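*Asks:* Letter by letter, the chains look like this.
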Amino acid sequence: MALLQATYRDAGPVTVLDLSGRITLGEGSALLRSTIRELLEDQRFWILVNLGDINYIDSSGIGELVSAYTAVKNRGGELKLLHLTKKVHDLLQITKLFTVFEVHSDEVAALRSFDKKSV
Amino acid sequence: MADQKHLDVTLDTQVESVNLAEEMCLRVAEAAGFDEDDCYRIGMSVREGVINAFHYGNQERPEKKIYLAVDLTSDKMVIHVLDEGKGFNLGDVPNPLAEENLLSTSGRGIFLMRSFMDEFNVVPGRTGGAEIIMSKKLPSPDGHRTNNNDKGDHNATPHQA
Numbered sequence: 001m002a003l004l005q006a007t008y009r010d011a012g013p014v015t016v017l018d019l020s021g022r023i024t025l026g027e028g029s030a031l032l033r034s035t036i037r038e039l040l041e042d043q044r045f046w047i048l049v050n051l052g053d054i055n056y057i058d059s060s061g062i063g064e065l066v067s068a069y070t071a072v073k074n075r076g077g078e079l080k081l082l083h084l085t086k087k088v089h090d091l092l093q094i095t096k097l098f099t100v101f102e103v104h105s106d107e108v109a110a111l112r113s114f115d116k117k118s119v
Numbered sequence: 001m002a003d004q005k006h007l008d009v010t011l012d013t014q015v016e017s018v019n020l021a022e023e024m025c026l027r028v029a030e031a032a033g034f035d036e037d038d039c040y041r042i043g044m045s046v047r048e049g050v051i052n053a054f055h056y057g058n059q060e061r062p063e064k065k066i067y068l069a070v071d072l073t074s075d076k077m078v079i080h081v082l083d084e085g086k087g088f089n090l091g092d093v094p095n096p097l098a099e100e101n102l103l104s105t106s107g108r109g110i111f112l113m114r115s116f117m118d119e120f121n122v123v124p125g126r127t128g129g130a131e132i133i134m135s136k137k138l139p140s141p142d143g144h145r146t147n148n149n150d151k152g153d154h155n156a157t158p159h160q161a
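Going line by line, the protein sequences match chains U and W. Taking my numbering, the leading residue of the first sequence gets 1, the next gets one more, and so forth. Taking my numbering, the leading residue of the second sequence gets 1, the next gets one more, and so forth.
Because the hints were derived from the structure by calculation, they are not lab data. All values derive from a computational prediction rather than experimental measurement. Keep in mind that the hints are not guaranteed to be accurate.
Straight line, CA to CA, 25 Å or less: simulated DSS-like cross-link-like pairs of lysine-lysine [claimed, not checked]:
#1 W:K86 with W:K64
#2 W:K86 with W:K5
#3 W:K5 with U:K86
#4 U:K73 with U:K96
#5 U:K87 with W:K5
#6 U:K96 with U:K86
#7 U:K87 with W:K76
#8 W:K65 with W:K86
#9 W:K137 with W:K65
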């Protein structure tokens, strides 16, 4: 079972958080939480979470994504999702979280969507 | 009924038990002939059942145990997850799809198990805790499951200890 790996990069005013592996109870959820906290402490409030290499999320991971969304929003920022795998897509659909998260399949378009609101 | 198989495992109340339970049940599901999608659903449901026992039932107290049982009958795979907590009523579990709960950071595990399994129920267990009982119909020999979408409100048969 692949553990979660998280790296981030700058794309203009947006931070792209590239995640790979599993976001599950324990280390996966904890790493996502600490990474989001680190980004917010670094004044990075526009965050695009790339889930293209995430092959598994459980309810704990879903909760962590929601928690990240709320934490960023409470700081006046935005957190959006990019490149959902089919399993993650289906999971967000049945849990109705598609109505909460803004989801993109194209990184350039996703970055542009932040530009409109961040300037 | 000659093909009936049974597996019983006692797990410690720790995060590692969640992965262990998932892996064990995945192996049983694969051996039983479930396809990749159904194995994913079964694995996720076991995971959520054990998370429920670990966190809500046993309150993450290491002296308590989680009892996992898997039965392969002639037509379905039945999974039991029993904790040593105080038990709960399904009717008291908030609906995670309700508008006011969408931003909740927890409370989706029961919903996922209900969504992914054919039958799902929670009964008072022999320990006094909650016993989750869920099942999935076995694939037919031609690789297709019948009544795949017939989820309805059926309840799994309670485990006879």
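*Asks:* Each hint: holds or not?
*Replies:* Against the structure, the hints:
1. W:K86 with W:K64: holds, 12 Å
2. W:K86 with W:K5: Answer violated: K86 of chain W to K5 of chain W is near 30 Å, above 25 Å.
3. W:K5 with U:K86: With Cα atoms ~33 Å apart, K5 of chain W and K86 of chain U exceed 25 Å; violated.
4. U:K73 with U:K96: holds, 19 Å
5. U:K87 with W:K5: Violated, at roughly 30 Å.
6. U:K96 with U:K86: holds, 15 Å
7. U:K87 with W:K76: Holds. K87 of chain U to K76 of chain W sits at ~24 Å (cutoff 25 Å).
8. W:K65 with W:K86: Measuring from Cα to Cα gives roughly 13 Å; hence the hint holds.
9. W:K137 with W:K65: violated, 28 Å
Hints 2, 3, 5 and 9, counting from the list given before, are not met by this structure.
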